[in-house]
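Q: Next come the chains, spelled out residue by residue.
2 protein chains.
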Amino acid sequence: MLHPKIDDIKVAHQRIKPHIHNTPVLTSQAINGVCGSSLFFKCENFQKVGAFKIRGATNAVQLLSDDEAAKGVATHSSGNHGAALALAARTRGVKAWVVMPENSSEIKKQAVAAYGAEVILCESTLEGRELALKKVVESTGANFIHPFNDSRIIAGQGTAALELLEEIPDLDVVLAPVGGGGLISGTALTVSAISPKTKVIAAEPEEADDAYRSFQQGTLIPLTHSNTIADGLRTSLGDLTFDIIQSHVAEIITVSEKKIIEAMRLIWERMKIIVEPSAAVPLAVLLTEREIFQGLRIGLILSGGNLDLEKLPWN
Amino acid sequence: MLHPKIDDIKVAHQRIKPHIHNTPVLTSQAINGVCGSSLFFKCENFQKVGAFKIRGATNAVQLLSDDEAAKGVATHSSGNHGAALALAARTRGVKAWVVMPENSSEIKKQAVAAYGAEVILCESTLEGRELALKKVVESTGANFIHPFNDSRIIAGQGTAALELLEEIPDLDVVLAPVGGGGLISGTALTVSAISPKTKVIAAEPEEADDAYRSFQQGTLIPLTHSNTIADGLRTSLGDLTFDIIQSHVAEIITVSEKKIIEAMRLIWERMKIIVEPSAAVPLAVLLTEREIFQGLRIGLILSGGNLDLEKLPWN
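If you're matching them up, the sequences are chains A and B in order. Mapping to my numbering: the first sequence position 24 is 27, numbers consecutive. Mapping to my numbering: the second sequence position 187 is 190, numbers consecutive.
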C-alpha cells in the first residue's frame, strides 16, 4: 500500500499553511510535576474547526484538480471530519455533502451546516451510512474523502507533528491518540523521518482497544461497539492506517475511562484550556504508566476541543 | 493620594518579569464576527496562580526591604489574591498568612495552603476578617498587603496592559473588569501614559454596580451585598482605586448576569480556553453595547481562569 513519504507531508504543509493555524505548543510546570517528565502539548484544540482534522481535509480538497473539485466533495462523519471537510470545501469554493447519523446531536449537525455543507441524515448503522453516501456520490459525482484511510488525509494530519518537531526538536517520545488511525499514522511517518530516535506511541481507550489488539495479533480486528467517553476514538482502523501503524509505531498503550477523565480534568484545571476526552488519552497514558516515562521529553498531540459543555464527565 | 507613575509600572514590570508569565494575546475570528469589531484577549487566565493577581502581589513582596520581608506578609482574601500572595512570598522565601472566611470552599483553602501559606479562618463578616487580620499582624509583625488599595499592587496589575500594548500598540479601547479596582486602575494608568488616544472602559456586573454608581455620583458608595456570578467582583472600591478611576477611566458599563454567562460560554466554546465569570464581564459589555464598538480595535483583559468545574453556570 502507498504510504505518504515525508516529502508528501512537507509539501502538504506548504499547501495547507495559508488555510490552517500553526497551533501553539504549551507546557505546564504543574503537570510536569505530576508526571515527572517534560511535556510539550501541541494544541490542535485551538486549530480551525477545533481539531486537527482540518489539516487532512484541506490537503485532500486542495489536491483535487479543478474538474474534480467542481463536482464537490462528500463524506460520512458524526464528528470533526465532517466540519473540517465542510470548511475545506468552502475555502476551495466547492460544495460539500456530509452524511451524518440521524441521532447526531443538533449542535454537531448545525456546526457542519454552518460551514456551508449539505447535511444528509442516515440510519446510524454502517449499512445506512454507506448507502446514503453511495447515493450522494452517484447523484452528484462528488469526490468521496474518507475520514482517515486516505494517503492525502494522512499526509495532512502528519503536519501537526512536523510543526511540533520544528518547535521542539529533541523529543524522546511523541504520543497521539488512535481512533481510525489518521493522526497517529501521519504522526509516525513524520517523526520516523525527521527524528528517528524519537519513539511514537499510540494512546487508546481500553474500551475501544481494536488498534491495540490488531497490533498485538498482526491482523486487523474491527471494533464492534464502544461507548468510550473518548467519542472521537470509537472507530476501527483502516487497512492503510493499520499498515503504517504496524511499520512505524513503537507501541500502543491502552487506558481506563477513569484515567481519561482524570487526565482531561488535569488539563482543564492546570492549563485552563478546553480539550475533548479523546485529546486527553495521551496524558492518561502518562498518568497510568508514570514510571516508564520518568525524566523524558514527551510531545503530546491534543487532538481537539469540541464537546458538549453541558455534559462534562465529572458532573 | 499617591498614584503610581508610568515609570513605577515599568520598573515593576522589570522587577516581576522573572517570576510571572508574559501571557499570550489571543484573537478569535468567530467572536470578532459576533461583535463586529477586532478583539485582542490578554490571557491572564494562563498567568501563574491562574489570575493577574500574581503581578501585584509579586511587586509588593519584592519591594519589601530584607528586614521587612523577614517578618512575612499577611492579607485577607477569599480568592485569587490569597493564592497570589502565598506564591509571591514563597518566591521571596518568606512566610505568608492568609485570612479566609470559614465558609470558603475546600478547593480555595487547599490552593492557598498548597503555595505554602498559613490559612487562618475567620467569620465571614467584615469585622471578623479585620479582627483576624489584626491579630495575625500584631502577633507576627507581618506586612499587611491589601488586595487592591495599595500603589505597589496597582503598579503590578498595570503591567498586564503594558504587555498588551507592547504587542498590540494601536488599540481604540481597552476593557477590564472592575471589582476592588486594582486591575482597572493599573490598566488605566498604563494606557493613558503609553497610548493616550486609547479609551479605558471598566466593565462591571449590574448586580455589583458600586463602581458605576460611585463614578456617576462622584462619591465612594460601598457595595453592601452581591451574589453576582462574577465572584471576583463582589468587592467595593478603595479610596485610592476610586481616585484613579475617576481621573483615568473614560466610562463604566454594567452588564446583566445573563450576558456574563453568554460571554463566558462564547469564550469557552469558540476560543477553547477556560475563563472565570469575572473575566468574561468585558466581553459581556461588547455583547450588550454592540453598536458603540462597531469596527474598533479592542483589547480585553481576561483576568483569570479559576472556578469550580463542577458548578458551571449553564448547567
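It should be emphasised that the hints constitute simulated quantities derived from the structure, not laboratory data. Keep in mind that the hints are not guaranteed to be accurate.
Covered stretches of chain B (chain A as the covering partner; in silico rule of three or more C-beta atoms under 8 Å from a C-beta of chain A) [to be verified]: (1) 47 to 59; (2) 262 to 273; (3) 305 to 317.
Beta carbons: idealized from backbone N, C-alpha and C, even for Gly.
Q: Taking the hints in turn, state whether each one holds.
A: For each hint, the structure was consulted:
Given a C-beta distance limit of less than 8 Å, the hint that chain A covers the region 47 to 59 of chain B holds, as 3 residues qualify and 3 suffice. Remark: the region 262 to 273 of chain B is confirmed as covered by chain A, as 3 of its residues place a Cβ nearer than 8 Å to a Cβ of that chain, reaching the required three. Only residues whose C-beta sits within less than 8 Å of a C-beta in chain A count toward coverage, and the region 305 to 317 of chain B has 5 of them, enough to reach three; the restraint holds.
Going down the numbered hints, you'll see the structure goes against none, and every one checks out.
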